[in-house]
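Student: The task is to assemble the complex, starting from two chains supplied on their own in separate frames and drawing on the hints.
So the chains spell out like this:
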Amino acid sequence: MAHSAGSSPGTDVKLHGFSVLSNALRAAELHSLSTDFESLADGSRPPHPPRFVSTALHQVIAPKLRALVENISSPPRARVPSGVYQPTEPKIGWHTGSIAFFSFPDYLNVWIPLPLGSAPNATISVVDPSVLRRESPELAEITGQNGSLRLAAGEGSLVAYDNFHQRYVELPRLDLDKLGVRLTLKWGDALIMRHDVLHRPHNELAVSFCVVEADTIVHRDHILNMGASKFRQMAQLRARFLRHIAVFDIAQRDHLLLAEFDRLLAELVNRENDALQRLKVSQLDFDQFDDLVYDLTNDLRRRGSERLG
Amino acid sequence: MFSPSAPWQDVQIKGYAVIPSFLDSPEISGLIAQFEKAEQRPLKNLNFPTPFLPSGRLRPFRNKLLAAAHAASSSTEIYDRLGMGIFYATKLYRRNEAPSSDWKWHTDTTIHYLDPSSLNFWIPLIKPDRQRSGLHVVGFDALEASQPELAHSLRGHGSTRVFQRDGSTIFRDTARRTTMAIAVPDLLEGLAQTPALGPGDCLVMRNDVFHRTQDNETDRLAISFRVFGSTKVFSRQALMDMGSAKFNNMARVRASFARRFATFQIAGCDQISSVLYHELHDELASREYKLQLARGGAELDDTDFEQLVYELAQEYRGGAFRGE
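Sequence order for the protein chains is A and B.
The opening residue of the first sequence carries number 319 in the working numbering; numbering runs sequentially from there.
The opening residue of the second sequence carries number 28 in the working numbering; numbering runs sequentially from there.
To be clear, the hints were calculated from the coordinates, so they are not data collected in a lab.
Be aware that a few hints might be false.
Label-pair restraints from in silico Cβ distances [to be verified]:
1. Q191/B - S475/A: 30 to 40 Å
2. E342/B - L597/A: 47 to 57 Å
3. D495/A - W130/B: 55 to 65 Å
4. E585/A - L177/B: 29 to 39 Å
Here are the simulated lysine-lysine pairs, BS3-like style, with alpha carbons at most 25 Å apart [stated by the list, open to error]:
5. K259/B - K41/B
6. K64/B - K409/A
7. K131/B - K64/B
8. K409/A - K496/A
9. K598/A - K131/B
10. K91/B - K64/B
We put the CB at the ideal spot given by N, CA and C, even for glycine.
Isolated chain B, as found in the complex (with noise of 0.2 Å):
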């Protein structure tokens, strides 16, 4: 269906490419019917306003996804593995009266924590206005060309917010704990492109480009499908690698990163495949939600918390599990 043509060598090179009519009418309708569904369960992400598509109702995305991200890897980046989809909606973020970290340059946090690449395919459901309320995104090749040591430096690398200290422009890597000041003023908003996009259509960027939410004037839906790579060794280690803001991020979302140690505790070891990490974590997911369930809702205390784990870890050390 894709080839390995223009659009996704713009993927490996800028960073960023646009697939018109990604989503056709029928699955843009289902996906707001999800939203309008998942807009009314509790946010899972305290950090952000963003409900996610219940992991179950990936599947019929699962293989035009794939087929795109296979397109879109290289010979040392491969993307194969279809994580989540994230609802953004202007609407909520108004109604949110935080400042949020979305109207400024960023590059994603909690997803880079674990796994630093990902593919981040972007998709308008609801978009009154072609020109409204899309994104800014910097590619990697306007950044090249004007500022080639930071872009060296922050290529592959998520999780960094930008802002502004005495006319000059801060990058601060919040999993790295570096920070370098740029002396010239809103340096990406002078790099910055913003694709003109429709419903159903696709801006699919790396985990490593800087970009920023256009403005919530008009009532937009976006839903974020993220893809990573299956052949990735995850370690306990490149968790445990935080500064104040890491901490602060995966705090706000305790149960989540707590499951995620918790995965390299039933292994029993400190690194592990990706596909043997999203099984076992999968499995405690499961497994604590169904506790949960039975005790009227209720958060595991430490100690309940502790035990599944344990159980877990006898069971993948008898034998079960075996990340195939």
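Just chain A, with the same shape it has in the complex (with noise of 0.2 Å):
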């Protein structure tokens, strides 16, 4: 596999923040991906919600992609827990990831363009932060400390908009096309990102992976965390989000290893599904996701008492 910044992938990761991987995905994949995003489409109206890579095909794509990291400079063994799909918003304009982070203080960003229309290939700009710290210090620090941010031009002035922690940052004008480098992708490469680089996709469509290190623990604080926009966006997604505060209730806990959320997330998942198959709704009521949530809270409880007596 080729790559572009520096000498290695892992070192282009560690000092530049990303690394381009050729040929990542093979065409049947993506086309699969492209497939599944438009399968996902609604017809609703407009702001959509962000659409999530079908679970079936996740599961094809994760362990390529948790392999793809896990070689680039021997890090810890990697897990793949989500992937978005990206369609092209001119107005966002320079980010980073925000869907990621809410869950995730520390993750990879493997970002896949995926082929729309006759495009021969996709391109993308992003800025090295180390060249971010020389040239402004004060952003590289808030894009080093915090994810889900929005830059936009302000009045003589460049604004951040931070999501997280739900304030706005005026910073002096900063003309980040200019710092930023312009990197241009092949169908099927894969830019692998760190959570704070900041970046700007200029092609129609991406997928973008959220990869995290096995023993990551998830804190509860940290999703909770919020601001108004950040809000919209986890209610706009309010049954993924739903579930995972509910596993935090479940187990009764702050922080849980990245591997006990799972295993409950996927208890809970299996006993909605349960319930909604015995109660013939389409989805649970308050009341109904609540009953869930105790019930299970309850029986967690009974087997923890069980198994130390």
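Tutor: Okay, here's the thing in structure tokens:
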């Protein structure tokens, strides 16, 4: 596999925040992703909620990406919790990822452009964090400490919308287009970025996979620390984040190892599916979902007592 | 008009009181006409089939409600700001196929998340039978006598749902994320009172009083005016303290809670006075509404909403909106 920025992909990610890996996915896999995205269109009026890669396809693609990331610099074992489609929204401009950051403060973003129309390749601009640190230490600090940033030109300034800490930071004007590197990716190439890399896609559609270390600890407070924009996005994905928050209710803990989190999430989803079938409804109402959480909490506590007994 | 005598002391002690003939016939007919218009509009609160009285239509009732709320206030709990009017119609519940929380014992949720104490002036406008389709309530005097620890824990709090499991009554506070099981089946049924009410009579109750709709067998229409305190300090943390049930509730009324979060963002701090909060919140709601109208009614996307909040924050920093 070829890569772009420096000596090896692992070093590139460590020093420059990103690396391009060629031929990460095959044409058939890209086609499956594009088809999956199209099948998720529900005809609703915008603003559309983000669309996640469907479970079956995620299970096919995730092992490949995990191996890809594990290969780049012998990092710890990786997990791929989610993949989300990114139709390019010109209004958004320079940003760091938000949905993945809502759950994980530290992750790698595997960004893969998907062919749409007749463009021969895809382009995306990225800012090397080491360059940013030199040119705008203040923005580099904000970017390093936070995810979910969106940048926009203000009157004589650059405004950082920090959706995680629900604040606006006004910075001296900075031409990020000049500071950034415009990368060209062939179909099938993947851009691996750290969560703190500012980027701005130019093509129409991509899919962005969040990759984290297997021993990541998931923090309840991190998920629930929010301002208006984060709340709006989480509420658009109500079913997803409802389950994530419920996992902590069920465990009655504020921190969980990712493996524990995933195990409880899977059990909750199974019970939810059982309840949907039993009650013959398409979704659980407020009380029905809370009943499920209550019962699962008690079952878990009972199992724990039996083990201790 | 109102003296701090018997019925109002009941609000402080039991948590509720009945005020006969609180609204007169013209007021009742006017509100029925407003309901008929309100039920034609899309529902704002997707959790419940409960249309709102437009805020501009609250004005004629303001003095009467605030005088009553003043009489019900104590030295520590002052109610002096009329917040909203919500219609509760049994015919809308019957139309709604999903089971409603209103038939189960509860204290109110959505309203509680920002301001934990309020007064609910629940007034039937149409009620064919004084003995039916009203509200069952449990007074704190009865709860305290039966379950003193439970009463102590629940006093001053809302957003609790009640259900039955294995012969116990379960109290689940969805804001504080606490659960209590009392080994008495149907505990609240045994403690309940059902005030007989006719059109215009008012059941006034604190936000921590457990209640449930008696039945939906008759065509009953009621309005519920909510009165809050203006001396409170609101915090972003109170919104963020949540478990799954609270998130579920808030996310279903996404636009409304996004504005609540955004209000803190405009002020640029995590705690603000009730007066400033409402000034900023109402300005945001009004501008968001106007922008939506200008765009043919479409909801603002995240970028445009963020821009609107940023502009208001700039204006606030420039000296506008001082919460006075």
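Student: Now, for every hint given, state plainly whether the structure supports it.
Tutor: Evaluated hints:
| no. | hint | verdict |
| --- | --- | --- |
| 1 | Q191/B - S475/A: 30 to 40 Å | violated (59 Å) |
| 2 | E342/B - L597/A: 47 to 57 Å | holds (49 Å) |
| 3 | D495/A - W130/B: 55 to 65 Å | holds (59 Å) |
| 4 | E585/A - L177/B: 29 to 39 Å | holds (31 Å) |
| 5 | K259/B - K41/B | holds (23 Å) |
| 6 | K64/B - K409/A | violated (38 Å) |
| 7 | K131/B - K64/B | violated (28 Å) |
| 8 | K409/A - K496/A | holds (19 Å) |
| 9 | K598/A - K131/B | holds (21 Å) |
| 10 | K91/B - K64/B | holds (24 Å) |
When the structure is compared with the earlier hints, violations turn up for hints 1, 6, 7 and for no others.
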